[in-house]
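Each chain is listed here by its residues.
Number of protein chains: 2
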Amino acid sequence: MPNRTVFFVSDGTGITAETFGNAILNQFEANLHRVRLPFTDSVDKAHTVVRQINHAAMIDNKRPIVFLTLANTEVLRVISDNCSGMLMDMFGTFVHPLEEELGLKSNHRIGRFSDSSKSEEYQSRIEAINFSLEHDDGQSNRDLEGSDVILIGVSRSGKTPTSLYLAMQYGLKASNYPLIPEDFERQDLPAVLKAQRKKLFGLTIQPERLSEIRNERRPNSKYASLANCRHEVKEAEAMMRRSGIRWLSTTTKSIEEISTTILQELRPERLTY
Amino acid sequence: MPNRTVFFVSDGTGITAETFGNAILNQFEANLHRVRLPFTDSVDKAHTVVRQINHAAMIDNKRPIVFLTLANTEVLRVISDNCSGMLMDMFGTFVHPLEEELGLKSNHRIGRFSDSSKSEEYQSRIEAINFSLEHDDGQSNRDLEGSDVILIGVSRSGKTPTSLYLAMQYGLKASNYPLIPEDFERQDLPAVLKAQRKKLFGLTIQPERLSEIRNERRPNSKYASLANCRHEVKEAEAMMRRSGIRWLSTTTKSIEEISTTILQELRPERLTY
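Residue numbers (the working numbering), protein chains in the order written: chain A, 58 to 330; chain B, 58 to 330.
One or more hints might be untrue.
Remember, identical chains collapse to one label, so a pair may be satisfied in a single copy or spanning two.
Stated by the list, open to error - Taking lysine-lysine and the DSS-like style, the derived pairs with C-alpha atoms no more than 30 Å apart in a straight line are:
no.: 1; residue 1: Lys162; residue 2: Lys310
no.: 2; residue 1: Lys310; residue 2: Lys255
no.: 3; residue 1: Lys102; residue 2: Lys162
no.: 4; residue 1: Lys291; residue 2: Lys162
no.: 5; residue 1: Lys310; residue 2: Lys119
no.: 6; residue 1: Lys255; residue 2: Lys119
no.: 7; residue 1: Lys119; residue 2: Lys291
It should be emphasised that the hints constitute simulated quantities derived from the structure, not laboratory data.
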């Protein structure tokens, strides 16, 4: 049974509050009950939130931990004046020293996502997602040269989720293209990829793990057999080595780690903006 | 010309540092040059980072702003002892008071993503992404009842990117199903959706915006014409109203806002944690 409640309170989606709050909480071996309270953008809603937090305090007999990302100062005041939780004011803590440093007043706009549906950055993220979907698994060669990145690797090496993450998080047009037994017989990259060599990045994976993943899909198939996985991985790695293509092993990496590494390797200029 | 440099330094991917740092910086009308420095996980790399920050300080003639998410205390010490930037220690600021409150020492693990490729939460996110892809645009009815959420709406109302975001951010198995002219003629939901009514959520959009989006795809088609978009949107909204399906308009909302709203409305069981 969790013995302490954590609230993520925001006047926006609360995604920042929650992602960051969890990054901090994950450093503790604590048994916590988490509650998201997004769109807390009026004084009325602030009072409801206060009641909810104070109720948890009573039930748990411990003060709740409350991560706040509130640009709305009125809402913040209601909560800080009335709630019995331990407040972690994630904006205020950093905004105040920054106001001093920059010699500017903050405009109290909400983080990354407000009014964003019309912004250029947002539109290019959505475009990138659509592009990546259309160029998933070598489905389309149309405008392949428009890709920022083309991931290659054997089936189930992690190309699809990584492409989508690159598109969603970084707005990169990420295609992906499978390396298949025919390519290994020919001992050569698919012709369409050769003109795009600079954009290629390879994903590989331990044959044992690959066999596990493929067995979930097609149990006891040749496709999933350890012998076949060993063969495909060996051939794919040899091909990438011969062609001078950078690659990494996804076996113990998350899509976030893989994506950030690809960005660093292939598009270092995108690390500054 | 930007006149101040901002660094996001992390021993992990730096995605948390960057997302959160930008949520804060977006509250200022400042002209900033941003630099991501992920995977700063050794003392050597820390010294390189210090040189980079101090160089920017000299060039800008202003101290850089440095957002840090470092679980590695040695790396943190090198940077805080030697760098001339304004340090925003995003973990330490909140971890120390939490250690006191919880009566626990933090274990200095990196946020959400470390060792995560093996975690149950991570595996279920990847599974959800695959599920959502397989159930994009009504492609497959297989195991539709395994969905946590099924988005419905006319073509290009925002279903696909929202489904993928729900899968990627929240690990939800989000299917999506188009409402098409045949459904409007029959004046009824597709049969396969009726059994899943509780999981349905509708997306709609202003006909003018829809026509714009469709015109990018198929210029001057009947499909993209304003008259047809008006007709489809009207019919879709009428159908959702008749069937008692909750829905929202995506016209001015980001996928983050749409997803958070859906979560709040449908409250899928998987998401209480």
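For each hint, the structure was consulted:
1. Taking identical chains as interchangeable, the C-alpha atoms of Lys162 and Lys310 lie at most 30 Å apart only when they sit on different chains, with a minimum of 27 Å there against 41 Å within one chain.
2. In this assembly of identical chains, the alpha carbons of Lys310 and Lys255 lie at most 30 Å apart only when taken from the same copy (23 Å versus 36 Å across copies).
3. For the identical chains of this complex, Lys102 and Lys162 are intra-copy neighbours only, at 26 Å inside a copy versus 35 Å across copies, given an alpha-carbon limit of 30 Å.
4. Taking the closest pair of Cα atoms, Lys291 and Lys162 never come within 30 Å of each other, the shortest separation being 58 Å inside a single copy and 45 Å across copies.
5. Taking identical chains as interchangeable, the C-alpha atoms of Lys310 and Lys119 are never at most 30 Å apart, the minima being 37 Å within one chain and 37 Å between chains.
6. In the homo-oligomer, the alpha carbons of Lys255 and Lys119 never lie at most 30 Å apart, since the shortest distance is 56 Å inside one protomer and 36 Å across protomers.
7. With identical chains, the CA atoms of Lys119 and Lys291 are never at most 30 Å apart, being 56 Å at best within one copy and 51 Å at best between copies.
When held up to the earlier numbered hints, the structure conflicts with 4, 5, 6 and 7 and fits the remainder.
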